[in-house]
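Visitor: Chains as they are written, first to last, in this note's numbering: chain A, 1 to 332; chain B, 1 to 332; chain C, 1 to 338; chain D, 1 to 338.
Simulated from the structure, these hints should not be mistaken for lab results.
Treat the numbers as computed from the prediction; the structure is a model and nothing was measured.
Think about it this way: if two alpha-carbon atoms lie no more than 27 Å apart in a straight line, the pair counts; the simulated DSS-like pairs of lysine-lysine are:
(1) D:Lys180 <-> A:Lys264
(2) D:Lys109 <-> B:Lys141
(3) C:Lys111 <-> A:Lys114
Some chain A residues well away from chain B (every beta-carbon gap over 12 Å; in silico):
(4) Asn4
(5) Gly17
(6) Glu64
(7) Arg182
(8) Asp210
(9) Asn257
(10) Phe275
(11) Gln311
(12) Pro313
(13) Glu314
Glycine residues also receive a C-beta, built at the ideal position from the N, C-alpha and C atoms.
So the chains spell out like this:
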Amino acid sequence: MKHNEMMKSLGKEALEGMLRRMLEIRQFEEKIRFLFLEGKMPGTVHQYIGMEACAVGVCTALEEDDVIASTHRPHGHAIARGISMDSIMGELYGKTTGCCGGKGGSMHVGDLSKGMLPAIAIVGGNLPIVMGMGLAFKIRKEPRVAVSFFGDGASNEGAFHEALNMASVYGVPALFVCENNRYGASTSVKRVMRIEHVADRAAAYGMRGDRADGMDVLDVYAHAREAVSLARKGEGPTLLELETFRLCGHSRRDPNNYMTQEEKEHWQKRDPIPFFEKLLREGKYMTEKEIADLKEAVELSVVQAIESGQQSPEPDPEVLFEGLYVNMEVPR
Amino acid sequence: MKHNEMMKSLGKEALEGMLRRMLEIRQFEEKIRFLFLEGKMPGTVHQYIGMEACAVGVCTALEEDDVIASTHRPHGHAIARGISMDSIMGELYGKTTGCCGGKGGSMHVGDLSKGMLPAIAIVGGNLPIVMGMGLAFKIRKEPRVAVSFFGDGASNEGAFHEALNMASVYGVPALFVCENNRYGASTSVKRVMRIEHVADRAAAYGMRGDRADGMDVLDVYAHAREAVSLARKGEGPTLLELETFRLCGHSRRDPNNYMTQEEKEHWQKRDPIPFFEKLLREGKYMTEKEIADLKEAVELSVVQAIESGQQSPEPDPEVLFEGLYVNMEVPR
Amino acid sequence: MRLGIAEALRKAIHGEMANDENVFCIGEDIGIPGGYGGAFTVTLGLEKDFRERIIDTPISEIGIFGAACGAALMGMRPIADVQYGDFLLCAMDQVVDQIAKLRYMSGGKLKMPVVMRAPVGVTGRGAQHAQCLEPYFMSCPGIKIVAPATAYDAMGLLRSAVRDDDPVLMFEHKLLYGSKGIRAESGTVDASSEIPEEDYTVPIGKGIVRREGEDVTIIASLLMMHFSLQAAEMLEGEGISCEVIDPRTLWPLDLDLILQSVRKTGRVMIVEESPKQGGVGAEIGVQVCEHIPDYLLAPVTRVAAPNTPAPFSPALEKLYVPQPERIADRVRAMMEEY
Amino acid sequence: MRLGIAEALRKAIHGEMANDENVFCIGEDIGIPGGYGGAFTVTLGLEKDFRERIIDTPISEIGIFGAACGAALMGMRPIADVQYGDFLLCAMDQVVDQIAKLRYMSGGKLKMPVVMRAPVGVTGRGAQHAQCLEPYFMSCPGIKIVAPATAYDAMGLLRSAVRDDDPVLMFEHKLLYGSKGIRAESGTVDASSEIPEEDYTVPIGKGIVRREGEDVTIIASLLMMHFSLQAAEMLEGEGISCEVIDPRTLWPLDLDLILQSVRKTGRVMIVEESPKQGGVGAEIGVQVCEHIPDYLLAPVTRVAAPNTPAPFSPALEKLYVPQPERIADRVRAMMEEY
Ligand SMILES: Cc1ncc(C[n+]2csc(CCOP(=O)(O)OP(=O)(O)O)c2C)c(N)n1
Ligand SMILES: Cc1ncc(C[n+]2csc(CCOP(=O)(O)OP(=O)(O)O)c2C)c(N)n1
Ligand SMILES: [Mg+2]
Ligand SMILES: [Mg+2]
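Generate coordinates for the entire structure from the input sequences, incorporating the hints supplied.
Guide: Okay, here's the thing in structure tokens:
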């Protein structure tokens with residue numbers, strides 16, 4: 001579908017919502033990046049800058065009852081899924097207001113009651129789980145879809161193989177979204193697989209494979225919507241590859257020295273946010289001014305989230321021993 | 001290549017040797033099957049009846065320096081690789097004469113000094129190891145090839161995926177032989193993969209994929225020879241699928257009730273041994289009489305192997321504590 | 001009604017599936033018509049009544065436990081099994097990193113009602129089909145571990161496990177199943193029980209005194225429990241009185257029961273089928289020493305397999321697995337020395 | 001020359017690769033130009049001298065350890081690493097079933113000279129990047145386990161490991177590496193050593209007394225060894241004299257060294273960073289109780305993390321990991337009570 005038609009069908013409110021989410025992710029990541037560099041945040045962090053169109057495009061295609069699962073790089077997915085920035089920030093600070101009560105941390109943000117499993121930081125680890133969520137929907141005949149986000153690197157894990165094959169065999173309502181950002185940590189995809197497209201691996205499972213432009217939120221949305229609708233109709237899972245790029249380091253303080261300058265510049269020009277803003281302006285869905293106002297509002301909400309995160313209380317010591325077993329004390 | 005040409009190029013001696021190996025495997029398996037049913041053998045056993053053309057065809061294409069690795073169903077591979085039946089039988093009886101000194105058992109027969117790793121009974125477990133053997137050859141620039149035998153079922157293991165991808169990435173001199181006998185234990189391939197041919201999975205790794213008729217030893221040999229020669233020349237690994245069938249239970253006493261009668265009959269007619277015998281007779285490489293004599297000789301050697309296995313000494317109790325560490329006693 | 005463990009588990013699973021439609025089974029070869037009902041017949045025939053909830057899988061252990069994890073998160077109550085306990089090693093990340101940790105990582109918000117079943121025991125198949133993997137999971141917070149030695153307990157613990165909202169790993173012993181037909185095992189020990197009609201459970205976390213005695217407390221699970229009872233029998237004639245405790249649950253340990261017995265006997269021996277190094281016996285033994293060292297008349301004693309993989313040779317295997325005679329010998333030595 | 005652990009390991013690996021062309025490294029992100037040299041800079045720059053023997057891999061832990069296993073069988077001497085020890089769980093079958101067992105299964109015919117390196121420690125990354133997996137391998141016959149707490153030992157043990165014909169698993173601690181640049185860790189403890197010029201080794205299986213003392217024997221590895229030294233320091237002023245033993249090798253244990261010390265002090269405390277349940281402390285503790293119960297003036301004591309996964313919250317993490325003050329408190333309590 002063309003951009004114009006797509007925008008028309010989505011309508012102003014939805015489009016504005018999508019831009020808002022993308023801006024939230026960008027602002028959120030930029031601000032905590034700074035906090036990290038200043039040494040003011042605990043732990044480590046893997047950021048989503050440059051990949052905003054992926055999470056937002058896919059999540060826009062989902063219903064409330066659907067469930068997503070993420071990776072070590074989950075902030076974007078969480079924001080796109082509508083988890084409050086306060087509770088994500090709370091989690092990054094390890095506070096009680098965090099979406100995991102401070103027990104999870106950056107690599108595990110998520111809130112199942114909001115449709116996002118706490119993120120799985122083991123590369124490839126969420127795919128078998130998502131297959132299982134889809135299996136549950138299938139057994140119970142629920143019209144829900146389970147979505148896995150994972151990277152190019154993850155597609156080399158055994159877990160990918162077992163999960164996709166089983167998902168295909170059972171025809172579960174699942175969507176496997178490979179965010180191919182060309183690198184797994186410092187390692188270029190070219191070094192670790194001899195094929196061009198991760199989506200081509202779908203054929204090994206008799207599964208539907210598809211690709212979309214991960215820097216174009218509308219393209220992502222269109223392809224995700226189709227896959228989700230097929231899954232919901234009982235026509236089985238899709239492996240959807242999104243071509244994207246990290247416009248930030250792999251983890252805090254990574255200067256990306258393993259990337260070429262050329263490559264960085266090429267992708268920088270494809271930044272999904274200005275691209276989408278341009279479409280919105282050109283399509284007359286938003287004015288320059290509206291976008292500027294939105295940015296300001298978003299920035300304010302991020303600043304508030306940071307303040308909330310900083311000022312929220314630390315968990316009580318006893319929390320250490322809570323929330324492991326449902327009906328049993330932790331043996332001491 | 002046509003059968004006639006192939007036979008011509010192999011010559012009488014080689015052809016006779018191939019038939020001998022196939023007969024050895026068949027006789028060996030038939031006889032121990034009987035011993036098992038009589039309760040006269042320890043442990044459990046997975047037999048190779050019906051699949052003889054696979055092991056023999058592939059191993060005929062190998063050089064002395066090459067190495068094969070096998071599975072829970074390794075007797076055929078061991079015999080085809082030229083490991084003495086006495087030492088295999090010794091292993092099945094858990095005796096000192098066994099190729100693993102009695103420590104391995106049926107599922108682990110092999111002798112690296114003869115070009116066969118002790119078999120790996122974890123389904124899919126040998127593939128990463130074979131990739132590693134190939135990597136060693138590659139690093140050291142040795143003109144050797146590493147061969148993995150595994151089943152259709154194994155191709156659903158994560159280990160398969162990681163091993164094949166890495167083998168392809170490094171271009172190691174390896175051959176991955178999938179013996180697709182239509183079942184993994186009681187489970188039909190149709191239940192557990194949505195594609196027709198395991199060989200098609202090679203595409204997911206940018207690897208060469210190929211198929212051969214696993215009931216025709218000459219076809220197996222031809223395809224294996226090509227793959228081995230490519231590997232040896234530095235042109236990388238192949239995934240070679242052999243279409244075959246078990247003409248026996250999955251393990252001792254399995255009556256194959258999960259197979260259809262039709263299917264059993266279809267494949268029984270394709271028994272690789274009479275098929276090859278017919279080719280040999282028709283091509284005038286062996287007479288009826290020569291074949292009968294060979295069978296008798298083979299039977300005698302199997303009977304001798306059984307006797308040797310039965311009469312060989314049990315390992316000394318102290319052996320329990322030996323052979324774990326190279327330069328250290330087992331802490332007690 | 002007298003049932004073996006395989007039958008008792010089958011009946012218990014059938015009952016749980018009938019009671020709660022969220023319960024399902026997932027594993028290799030578990031429900032193939034004409035097949036085996038899993039490696040040891042436990043699920044034999046269940047597919048007839050519950051075709052949609054007996055999920056046969058590819059040979060994909062990561063997938064099996066991932067599926068169980070994901071389905072449980074969505075409110076199902078999966079019973080996942082491996083054909084041999086050894087294959088848990090293929091799925092270790094899903095079990096230890098995901099199933100065991102997700103609830104804690106979520107701040108206690110999630111539930112993970114997964115039952116995992118794993119047959120163990122050194123039974124003539126060589127080193128890769130022999131491991132008693134209990135020790136590997138003793139180090140893993142977040143999982144309850146049970147190990148029924150009788151059909152009664154198998155049934156009661158299976159029911160408790162399915163109804164429990166936490167992950168429960170059940171170790172079963174190949175030689176105790178009493179599997180029949182082509183799946184019968186040689187060397188089987190009778191673990192059958194008279195099974196009550198009613199819907200009883202055996203609580204997770206409670207051990208049981210299998211035999212009362214005065215001189216030595218022997219702690220043992222699964223096959224070793226039966227061998228310990230046999231040893232106790234032998235020793236009775238010699239005037240040595242053994243108390244045999246079957247922990248039934250390995251984590252959380254029923255420490256009270258153990259300490260109560262050791263306070264009485266003053267001697268404790270832990271018998272296990274896995275290698276001694278880093279075994280379950282280490283944890284039980286050290287806990288006794290931490291809590292009531294002053295009651296010990298003799299040093300805590302572990303009887304275990306050697307610190308090697310399992311050998312195939314039947315002659316060596318018999319030396320590898322602690323036999324009743326060896327257990328009795330160690331008790332005799334303990335009584336003589338202390 | 002004074003080096004940190006990361007530098008010492010790098011130098012040791014360089015030396016071994018230069019000496020023996022069968023030595024090679026395999027792992028994720030270990031030799032990418034412009035990259036990190038592995039997660040903690042240990043292999044940084046080695047690809048410049050040994051491009052063909054620094055093998056960068058896909059994110060495929062089964063593949064990494066399978067490759068190491070297969071290459072070792074063909075006479076190579078691989079050094080395989082995971083970025084975080086936790087990921088060993090993804091490769092457990094290759095490590096426990098293949099690498100550890102193949103020699104034994106072959107009747108002692110094969111050799112498996114594999115070195116495996118795994119960074120451990122609870123370091124602000126949440127539950128899946130925090131595990132100290134030592135206990136999981138204590139139950140696995142066929143693997144030697146080392147855990148260097150100083151740069152001197154890291155270098156000496158790495159050399160021994162590479163030259164050893166058996167599989168050696170080396171646990172390293174994230175907070176002890178002294179990694180520099182973008183890979184520096186906050187909370188790092190100085191573990192650097194003065195490194196001799198000569199090609200020394202540290203023998204596998206030999207522990208060391210890090211500090212002599214009379215009242216209590218503290219046994220601890222890696223970070224806990226440093227924290228125990230700090231505790232001992234605090235206690236010295238109070239007139240409590242601690243002997244601190246660093247086992248350096250966890251399997252086989254240097255039991256002689258431990259027993260000798262406990263015979264002298266009469267009190268033993270094992271400090272570990274992993275949860276107490278089924279930990280290394282259980283094995284060490286029970287061995288002491290088996291061998292010299294009569295020398296114990298106080299019950300064997302374990303100081304460990306709680307029996308939970310690691311929490312992310314820095315406040316909770318600090319309570320989770322035994323701190324010097326907590327170790328000292330437990331020693332004080334021990335001295336008061338006994
Ligand atoms: C099983 C496992 N192996 C290694 C890692 C370390 N690690 C964390 S992120 C990462 C790179 C992941 O690459 P990719 O899947 O492409 O995702 P991206 O980071 O590019 O979003 C690696 C190797 C891990 N977390 N889990
Ligand atoms: C990891 C693992 N899972 C399960 C098993 C149990 N098992 C042994 S053989 C077998 C079937 C294997 O099927 P396939 O790979 O097709 O080989 P075939 O037996 O047909 O030769 C199974 C499930 C195993 N040995 N290892
Ligand atoms: Mg990536
Ligand atoms: Mg098969």
